[in-house]
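*Asks:* Listed here are the chains, written in short residue letters.
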Amino acid sequence: MAITYDQIRTLSADLYEWSLKRIPDDATHALDAAIEAETNESARKMLAMMRRSADRAENTDRFVCSDSGVPVYFIKVGTLARFEGDVKRAIRDGFAHLVETIRPPLLQHVTNPLTNERSYHGKDMPIVSWDMVDGADYIDITCAPKALGSGRWAALEIFSFPTLEEIEAYLLDVIVKTAAQQCPPVTIGIGIGGTFDQCTKIAKLATLRPLGSVNAEPALAAMENRLMKAVNGLGFGPMGTGGDTTALAIHIDYSSGHGFTPVAICFNCWINRRARARLYNDGRVERVE
Amino acid sequence: MARSVHLTLPVSPDDMRQLALGDLVTVSGEIVMTGGLPTHMRIVEAMKGQRELPFLLDGAAFFHLPSYSVDTENGLEILYMNPTTSTRFNSLMPGIIRHFGLRMVCGKGGLDAESTRAMQEVGCVYLSILGGGATLHSDAIRKVVDVGWSDLTTHYRLIKLQVEDLGPLTVAIDAHGNNGFLQLEERARQRLPHLMETLRRERETASSATAKD
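So the sequence lines, in the order shown, correspond to chains P and C. All residue numbers for the first sequence refer to the numbering used here, where the first residue is 1 and numbers rise by one. All residue numbers for the second sequence refer to the numbering used here, where the first residue is 1 and numbers rise by one.
If you're looking for bench data, these hints aren't it; they were derived computationally from the structure. Be a bit skeptical, because a hint or two may be false.
Going by beta-carbon spacing under 10 angstroms, a handful of chain C positions derived as facing chain P [claimed, not checked]: (1) V5; (2) H6; (3) T26; (4) G75; (5) P83; (6) R88; (7) L92; (8) G132; (9) G133; (10) D151; (11) T154; (12) N178; (13) L182.
Here are the simulated EDC-like pairs of lysine to aspartate or glutamate, each with C-alpha atoms no more than 20 angstroms apart in a straight line [said to hold, decoys possible]: (14) K177(P) with E186(C); (15) K177(P) with D165(C); (16) K45(P) with D165(C); (17) K229(P) with E204(C); (18) K229(P) with D165(C).
Every residue gets a Cβ at the ideal spot worked out from N, C-alpha and C, and that includes glycine.
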């Protein structure tokens, strides 16, 4: 058996829709924990309103946020996976199918950066990153649509042999400058090192790591913990109400490089739009997130 | 202590001067809303006499609130609405606030110091609304009163909408020159040296623990 064009087309559309209408379980748990821990009354009310908004969207089959962003997929192809039909075309067609069929309809968010015209399609849409998984008999698809609200505030700086102090100071500086614009409490992805392209990629992938998971590198786990305290100590709070909850999570990854050390920082808003599933050779569909 | 206030539109500059940072406001009445930069640019053109406005904006409650609208037998229907980032319009808002004597601006992320001055001059507040609250905000929709610039994509149109109990919205810039977002930023800057010192100590503890291993 093989994974078919139709399966991939349907799943890529479904993943996008799921990500818009339901926030991931780990984000729900993180919000609940934040409501418990938050000491600022206005912030607690705002967090509770976020939970109500998410519940309401899920229960009524509507969008949590009106801004559906642009379609962004992260795809891992197993080396044992077999395909029947075009894979890339299936993903493109999946988005086109979604635009036609989803209820309520999507707003036109795909923007031509040269003219600022908006529509439902454009060059390089959907944005897809590819990777391989040795020995796997599936294709693993994550959909994490991105919009201006949090996407606008990502930052990159190229350092040369930076100290950890410089890297941590840079993060706090970026958070102060963004000043609660990215719909906090945010998930912060940080990439350190590699090359320009590798660094931004690992920062982005870090935002997809489950909230509440512990970094496998002890030094990075410790760094994440101390930066969480520092970022939340800045006091912006959910949607800028003030309070203790500016970040739900900070996830850091690094790559070896050559002494020119890019540091990339990117954000997910409190919704953490993300949906993920696998299609297997035998026809199974496994919803992962 | 933050108060909870219900406001029925239209409101006066004096009404707005009664509000303080952090007050929670619900709003009923007619608001004007859009999410589009091109829409703001058309408004600025209208201010210069280069274009007609679809309806008057004097004393309006102006919301950075894009929406999905569809044409129905009974006119335009709004399916959902949710805020956009107000700071995108920083360069245009001071002029718009002053020209029309806006009473409130609502959106997410606040506005800059120049808009804050304009709001103080005319008696206007900025209300911060939850981003990602489409279902909750859309509950407040009652009736589309007027629609301007329908040639634009749906979330850019200028829409006059009757709402009931929209909110709670947080007063994030008052009519006395106080900007909650800028205050938070200033306070965060003041906290930076202490936070950096704490980070330094924690890095040292972590590296000495590693050295013992």
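*Asks:* Each of the hints needs a verdict: does it hold here or not?
*Replies:* Verification of the hints:
1. V5: 14 angstroms, violated
2. H6: Violated - the Cβ of H6(C) stays beyond 10 angstroms from chain P, reaching only about 16 angstroms at its closest.
3. T26: Where the cut-off is 10 angstroms and the nearest Cβ of chain P is about 13 angstroms from T26(C), the hint is violated.
4. G75: 18 angstroms, violated
5. P83: Constraint on P83(C) satisfied, holds at 9 angstroms.
6. R88: R88(C) check passes; min Cβ-Cβ to chain P is 8 angstroms, inside 10 angstroms.
7. L92: Violated, because the Cβ-Cβ distance from L92(C) to chain P comes to roughly 15 angstroms (cut-off 10 angstroms).
8. G132: Interface hint status for G132(C): holds (4 angstroms vs cutoff 10 angstroms).
9. G133: 4 angstroms, holds
10. D151: With Cβ-Cβ at 13 angstroms, over 10 angstroms, it is violated.
11. T154: 6 angstroms, holds
12. N178: 13 angstroms, violated
13. L182: Result: holds, 8 angstroms to nearest chain P Cβ.
14. K177(P) with E186(C): 10 angstroms, holds
15. K177(P) with D165(C): Answer violated: K177(P) to D165(C) is near 33 angstroms, above 20 angstroms.
16. K45(P) with D165(C): Holds: K45(P) and D165(C) sit about 17 angstroms apart, inside 20 angstroms.
17. K229(P) with E204(C): Given pair K229(P), E204(C) holds - Cα atoms ~16 angstroms apart, limit 20 angstroms.
18. K229(P) with D165(C): Outside the cut-off at roughly 37 angstroms; violated.
Hint check: violations occur at hints 1, 2, 3, 4, 7, 10, 12, 15 and 18; the rest are consistent with the structure.
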